[in-house]
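There are 2 protein chains.
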Amino acid sequence: MHVMSGIKSQHDGMGKASVKKFSKKSALVIDQEEYLREIQKGSRLHLAKAITFVESTVSDQQAIGQQLLKSLLSHTGNSIRIGITGVPGAGKSTFIEAFGMMLCDLGYRVAVLAIDPSSTLTGGSILGDKTRMEELARHPNAFIRPSPTAGTLGGVHKKSRETMLLCEAAGYDIILVETVGVGQSETIVRGMVDFFLLLALTGAGDELQGMKKGIMELADAIVVNKADGANEKLAKKTVAEYKQILHFLAPSSPYWNTPALAVSSLYKSGLDSVWETILIFKKEMIEQNAWQYRRKEQTVDWFNSMIVDRLYRDFFSSVEKKETMAQLESLVRDEKVTVSQAVEELFSSNSKQ
Amino acid sequence: MHVMSGIKSQHDGMGKASVKKFSKKSALVIDQEEYLREIQKGSRLHLAKAITFVESTVSDQQAIGQQLLKSLLSHTGNSIRIGITGVPGAGKSTFIEAFGMMLCDLGYRVAVLAIDPSSTLTGGSILGDKTRMEELARHPNAFIRPSPTAGTLGGVHKKSRETMLLCEAAGYDIILVETVGVGQSETIVRGMVDFFLLLALTGAGDELQGMKKGIMELADAIVVNKADGANEKLAKKTVAEYKQILHFLAPSSPYWNTPALAVSSLYKSGLDSVWETILIFKKEMIEQNAWQYRRKEQTVDWFNSMIVDRLYRDFFSSVEKKETMAQLESLVRDEKVTVSQAVEELFSSNSKQ
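Going line by line, the protein sequences match chains A and B.
What the first sequence shows, in this note's numbering, is residues 433 to 785, in sequence order.
What the second sequence shows, in this note's numbering, is residues 433 to 785, in sequence order.
Chain A with its partners taken away, still in its complex shape (with noise of 0.2 Å):
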């Protein structure tokens, strides 16, 4: 599966007994221009070899990524960029296929960034369930990138968004954002994306309940999915509902109404209004000149929940800095020092070292 290609042959051409020699000096023996070159044409290979160097945590191997990235920068941004998100069992990887492979038959090119399910238990990005997405992963026209849900920001890898704009330099038309649809995930993903749109079951109300606050105004279009067979009625008078919170709610993005939609992933249907509906947002975003405007803005979010995770990444490298915290955090929950005096401990424990 080209899937794995990048992680697979990272180290191709090196005999076992080389492997320890030149571990460290390993990632600096690739050519740039043929990555460059390779990755406009289009090579997945290529790409999901500087997709592994932009995600790794190892500093060369990472800075050949940036340097990847810096050179390919002038090539991004030319994408639809769409999260994707949903409750458990909303059917998100098979929404992502149908949707998916409409799209590649209609000649667009798709990268998927999808979320490995298996990768917290195996450590690694293996899609542990082979079933997922196995159709448009043989489509020519389509990437899959799983990433790790380690290493992450609410659920969502830190590297995101530049694997993102490495898939735009390789000329992918469409990228599908998945989103694991807890903790803070659906804030991150709204914050890289274009276009939001959220995957609901039938029986609003019920399913609300379970549903993040005020997660259905971060989103775009609503889509009902399993619209099929018995429930294709009560999937109709979900949209009915959804409508009619829709109307009391503020709007995702500046001049949009967010509408609802059913779809069938099963059975392709209304999957083509679901890209009308992504085609008009795009064109009135640009008409009111909000598209270019929020990416940047996204942009500059980024770059500031980058300084800060930094920051207290930085601060609490030791181990006797997270222990100090552990005891502190104790104390706080407790009412036995206030929470300035904890703060004051924390930070005054820190210049002793």
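Because the hints were derived from the structure by calculation, they are not lab data.
It is possible that part of the hints are untrue.
One copy or two, either will do: identical chains are not told apart, so a pair holds if it fits within one copy or between any two.
[As the list claims (entries may be wrong)] Within a straight-line C-alpha distance of at most 20 Å, the following computed EDC-like cross-link-like pairs (lysine to aspartate or glutamate) qualify:
(1) K700 to D660
(2) K502 to D766
(3) K753 to D741
(4) K590 to D746
(5) K668 to D704
(6) K714 to E729
(7) K754 to E776
(8) K768 to E600
(9) K590 to E761
(10) K502 to E777
(11) K502 to D492
(12) K714 to D605
(13) K728 to E761
(14) K728 to E716
(15) K590 to E729
(16) K768 to E729
Go by the hints and put chain B onto chain A.
Frame of chain A, contents of chain B only:
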């Protein structure tokens, strides 16, 4: 007015000549035993002074504030903490005055952490509009503390939480915390209080367009204000509309059905129902062990946000750093560098200093 006495008399008893000489030491002459005794006896003067110490940016004054707070910590936590928000014009101060008067007349001691609308202009903490809560300010059971909006986290003073604790140690039964209703202030205040009240105006659909996203899901009650005169019928219709929307939203607190109520602050009608709602809420939350649990979690969350705030402040303490940041932000916005590169650059410029 007793409200400001803490600030005005901070240097009482010191001639002009001595102010300069002892200015750094003046804060150190307080009799701590006297403060602890007088605050617990209900002296507004000592309470106001203690708050001023806690809010101070002068480190030895701040240390006194923290010392007082620490000694009083075991006397805190016995109030009902109520946050009040609403769009500008919803009548927050009118509502707080009417609601506070009713509570005071019932025999409760009520502290109000109010917003000082003039503070951003004057830099001080003087109530610009003298008529704001004038009646309540004169009530023997009330204590009003206006806070400057400067030095805030999203419109909430960084020390509001500690001010609240001091008021509790001084025996106030109910703390009303006003929010400016912009930026992150609702989320921050929701993280400080037991009960969060959203003050709304008639005409839900229209008003919601201007309301911050997700705000309704933070509220434990929605109170439609100005339900008087010609407006009364419309207010009832608005209450019904809110009830309908609330039916679809996730509740703010576990197992709580957020009610919508109509009040007239002008004619003092419906205020008793609001108070009754709060008492039922408290009873139910205590039965579920959710009351204390939420408070502990709030304290830990506050601790964490203070750490991030401090890290950010320390990092950007130099002018050079702020300038580097501004330059990098502009490069990031225009996609001249990647976010990762900008972060690297920002942190490497730090280590050079």
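We went through each hint and held it up to the structure:
1. K700 to D660: Cα proximity of K700 and D660: one copy only (10 Å, versus 54 Å across).
2. K502 to D766: Result: close only across copies, 13 Å inter versus 49 Å intra.
3. K753 to D741: both (16 Å within a copy, 17 Å between copies)
4. K590 to D746: within (16 Å within a copy, 24 Å between copies)
5. K668 to D704: within (17 Å within a copy, 43 Å between copies)
6. K714 to E729: Within one copy only: 17 Å inside, 42 Å across.
7. K754 to E776: within (15 Å within a copy, 24 Å between copies)
8. K768 to E600: Between. Shortest inter-copy distance 16 Å satisfies the 20 Å Cα cut-off; intra-copy 53 Å does not.
9. K590 to E761: Only across copies: K590 and E761 sit 19 Å apart there, 26 Å inside one copy, limit 20 Å.
10. K502 to E777: between (41 Å within a copy, 14 Å between copies)
11. K502 to D492: Classified as within; 15 Å inside a copy, 49 Å across copies.
12. K714 to D605: For K714 and D605, only the intra-copy Cα distance (13 Å) is at most 20 Å; the inter-copy one is 54 Å.
13. K728 to E761: Between. Shortest inter-copy distance 10 Å satisfies the 20 Å Cα cut-off; intra-copy 37 Å does not.
14. K728 to E716: Answer is within: at 18 Å inside a copy they meet the 20 Å cutoff, but 46 Å across does not.
15. K590 to E729: within (18 Å within a copy, 27 Å between copies)
16. K768 to E729: between (42 Å within a copy, 14 Å between copies)
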